[in-house]
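Student: Could you put the whole structure together from the sequences, leaning on the hints where they help?
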Amino acid sequence: MRAPGGSCGPADGPTENKVDEYLKLKALVEEIGDDVYKAMGGNKAAGTRVRKAMQDIKNTAQAVRKRVLDIRSPGSAERGDGETPSAPAHDQGGNQ
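So the sequence shown is numbered by this note's numbering: it starts at 1 and just counts up by one.
Any given hint could be a false lead.
[Said to hold, decoys possible] Simulated DEER-style distance windows between Cβ atoms:
1. Pro74 x Met40: 40 to 50 angstroms
2. Pro74 x Lys38: 14 to 24 angstroms
3. Ile71 x Ala45: 31 to 41 angstroms
4. Glu30 x Leu69: 24 to 34 angstroms
5. Leu23 x Lys52: 13 to 23 angstroms
6. Lys66 x Glu30: 43 to 53 angstroms
[Said to hold, decoys possible] In silico lysine-lysine, DSSO-like type, Cα no more than 30 angstroms apart, as pairs:
7. Lys24 x Lys38
8. Lys26 x Lys52
9. Lys38 x Lys26
10. Lys38 x Lys52
11. Lys44 x Lys26
12. Lys26 x Lys66
13. Lys38 x Lys58
14. Lys52 x Lys66
15. Lys66 x Lys24
16. Lys58 x Lys26
17. Lys52 x Lys24
In short, the hints are calculated from the structure, not lab data.
Please read all numbers here as calculations on a predicted model, not as lab measurements.
Even glycine gets a Cβ: it sits at the ideal position worked out from N, Cα and C.
Tutor: As structure tokens, this is what we get:
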């Protein structure tokens, strides 16, 4: 199944797994809409829910950013350790 509003990539398969974080982020934003308006109207409990949801949104957005970098950087997804490859070591010694 293709993601709502999406128009690129195959319908099923690896691409679908790659957009999971994005779809979660989108759902979190949509779910908190009513509470945002309640909080702006002075509802303290709604404000607490909004702040908690915003933290979840922040963490999910970071996961999306990481996924995009993993896709963009060749070789980093295969590493699986979340680390970027280190630069090759240069000989620091003198001529021998």
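Student: Now tell me if each hint is right for this structure.
Tutor: Evaluation of the provided hints:
1. For proline 74 paired with methionine 40, a C-beta distance near 45 angstroms keeps the hint of 40 to 50 angstroms intact.
2. At roughly 46 angstroms, the beta carbons of proline 74 and lysine 38 sit outside the given window of 14 to 24 angstroms.
3. Checked against the hint of 31 to 41 angstroms, the C-beta distance between isoleucine 71 and alanine 45 comes to roughly 39 angstroms, which is consistent with it.
4. One distance hint, 24 to 34 angstroms for the beta-carbon pair glutamate 30 and leucine 69, holds here, with the actual separation near 25 angstroms.
5. Leucine 23 and lysine 52 have their C-beta atoms about 20 angstroms apart, which keeps the hinted 13 to 23 angstroms range intact.
6. At roughly 22 angstroms, the beta carbons of lysine 66 and glutamate 30 sit outside the given window of 43 to 53 angstroms.
7. Taking the CA atoms of lysine 24 and lysine 38, the gap is near 23 angstroms; set against the 30 angstroms cutoff, the hint holds.
8. For a cut-off of 30 angstroms, the pair hint linking lysine 26 to lysine 52 stands: about 16 angstroms separates their Cα positions.
9. The hinted pair formed by lysine 38 and lysine 26 meets the criterion: a straight-line CA distance of about 20 angstroms does not exceed 30 angstroms.
10. About 15 angstroms separates the Cα atoms of lysine 38 and lysine 52, which keeps this hinted pair within 30 angstroms; it holds.
11. Distance check on the hinted pair: lysine 44 and lysine 26 sit about 24 angstroms apart at the alpha-carbon level, within 30 angstroms; holds.
12. Of the pairs offered as hints, the one joining lysine 26 and lysine 66 holds, with about 16 angstroms between alpha carbons and a cut-off of 30 angstroms not exceeded.
13. Proposed proximity of lysine 38 and lysine 58 is supported: the alpha carbons are some 21 angstroms apart, at most 30 angstroms.
14. A C-alpha spacing of about 22 angstroms is found between lysine 52 and lysine 66, which places the hinted pair at or below 30 angstroms, so the restraint holds.
15. Distance restraint check for lysine 66 and lysine 24: the Cα-Cα separation of roughly 15 angstroms lies within the 30 angstroms cut-off, and the hinted pair is therefore satisfied.
16. At roughly 12 angstroms between alpha-carbon atoms, lysine 58 and lysine 26 fall within 30 angstroms of each other, so this suggested pair holds.
17. About 15 angstroms separates the Cα atoms of lysine 52 and lysine 24, which keeps this hinted pair within 30 angstroms; it holds.
Comparing the model with each numbered hint stated earlier shows that hints 2, 6 do not hold.
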